[in-house]
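Chemist: Here is what each chain is made of, one letter per residue.
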Amino acid sequence: MSLPPFESIVAEHGAVVLRVCRAVLRPDDAEDAWSETFLAALRAYPRLRPDSNIRGWLITIAHRKAIDGYRTNRRAPLAVAELPHEPATADVYEVTDAALEAAVRALPDKQRQVVAYRYLADLTYREIAELVGGSEAAARRSAADGIATLRRTYVPEEPE
Amino acid sequence: MNPLTALPHPDPATLDRLHARLVEAAAADDTLDIAYRTVDTPLGELLLAATPAGLVRVAYESEGHDAVLSTLAAKVSPRVLRAPSRLDPAARELDDYFAGRRHVFDLPLDLQLAHGFRREVLAHLPDIAYGRTASYSAVAAAAGRPTAVRAAASACAVNPLPIVIPCHRVVRSDGSLGGYLGGVAAKQALLTLESAG
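As given, the protein sequences belong to chains B and W, one line each in that order.
Once you know that position 148 of the first sequence is 131 in my numbering, the rest is easy, because the numbers rise by one and skip nothing.
Once you know that position 113 of the second sequence is 107 in my numbering, the rest is easy, because the numbers rise by one and skip nothing.
Keep in mind that the hints were calculated from the coordinates and are not lab data.
From the three backbone atoms N, C-alpha and C, an ideal C-beta is built for every residue, glycine too.
A couple of the hints might just be wrong.
[What the hints assert, rightly or not] Listed next, with one range per pair, are the computed distances between beta-carbon atoms:
| id | chain 1 | residue 1 | chain 2 | residue 2 | range |
| --- | --- | --- | --- | --- | --- |
| 1 | B | P29 | W | R11 | 20 to 28 Å |
| 2 | W | A151 | B | L31 | 32 to 40 Å |
| 3 | B | N36 | W | A183 | 45 to 53 Å |
| 4 | W | G177 | B | R9 | 51 to 59 Å |
| 5 | W | R15 | B | R32 | 22 to 30 Å |
| 6 | W | A19 | B | N36 | 18 to 26 Å |
| 7 | W | R166 | B | D34 | 43 to 51 Å |
[Stated by the list, open to error] Only part of the chain W face toward chain B is listed, based on derived beta-carbon distances under 8 Å:
| id | residue |
| --- | --- |
| 8 | L(-2) |
| 9 | H3 |
| 10 | P4 |
| 11 | H13 |
| 12 | D23 |
Given the sequences, and given the hints that come with them, work out the whole structure.
Modeler: Laid out in structure tokens, this is it:
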């Protein structure tokens, strides 16, 4: 078994990594983080074991190189206030839920990371604990707290 | 239910822009080991792949482009990215060739996929002029082993750079076409194109 061409890694995981970066970073930092992550991944790629969990590996690189270290001061303060007031369209596939984005961005750093790694990147709590530090149980609690806050702060638009 | 399902998905244009940025950064970083693109030709879609040293592979559709890229990843390097602009000169020369405007390719070539006698054979094929043909035994002799006719034929059969290295100009001594990795119809089409020029 050998490694597939790196192009297929970008094609398969590029969108997920960008969603994670957008969820945990400011919008302009998210694209830089994506670029930094994939360049670092390309460098290290020939040494990767072919049976590795590629998505977990990419999120680890993103966390260590680009996400960890940005911390609170780089987070958009009260992004809710900056939301464009566009009417929701009827076509559900066109809806980009800016209110949810803002609610995620308003979470404390660690909760935001844990929620994104769990629900966007589909990492296990054990993998997440290795990234953000602390125990698996603590990661699970962070996610639960984050989700509870989202349910409180984020009210989806009612369909017509 | 996943509470983040409603977060927007990146649009394809954004991902394309980031991909192009990655290609540039990788090239500047010396980690773009293999760049590739496809080109449309009268013989179907061709895959072109290059290392920093030069064009390393030209592949017909019938070879399976995905399979060819996987082989390159295993044999040369898995650092493979779709990077059309880095193959613009090769694509342009092939366009000109198929339009009859170009008789000689002037591209840096990377022959690392061919070894030993096979490489010797490939190195001598460009000596067969546009519009001419040579026999397998003449090619064996030119490469320094007049009796290695079968080995010369198999070198042609696995030429990693068909069209650019003109293995299609090698035919049997009795004048029949012999085989071709792109199919005999493709070989005939190339010889017909060249006989018109």
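Chemist: Decide, hint by hint, whether the structure agrees.
Modeler: Here is what the structure says about each hint:
1. B:P29 / W:R11: 20 to 28 Å: Given range 20 to 28 Å: holds, Cβ gap about 26 Å.
2. W:A151 / B:L31: 32 to 40 Å: The hinted range 32 to 40 Å holds for W:A151 and B:L31, with Cβ atoms some 34 Å apart.
3. B:N36 / W:A183: 45 to 53 Å: holds, 47 Å
4. W:G177 / B:R9: 51 to 59 Å: For B:R9 against W:G177, whose Cβ atoms are near 54 Å apart, the range 51 to 59 Å holds.
5. W:R15 / B:R32: 22 to 30 Å: holds, 28 Å
6. W:A19 / B:N36: 18 to 26 Å: holds, 25 Å
7. W:R166 / B:D34: 43 to 51 Å: holds, 48 Å
8. L(-2): Holds, because the Cβ-Cβ distance from W:L(-2) to chain B comes to roughly 4 Å (cut-off 8 Å).
9. H3: W:H3 check passes; min Cβ-Cβ to chain B is 6 Å, inside 8 Å.
10. P4: It holds, given that the least Cβ distance between W:P4 and chain B is near 5 Å, below 8 Å.
11. H13: Since chain B brings a Cβ to about 6 Å from W:H13, closer than 8 Å, the hint holds.
12. D23: Since chain B brings a Cβ to about 6 Å from W:D23, closer than 8 Å, the hint holds.
This entry satisfies every hint, going by the numbered hints stated previously.
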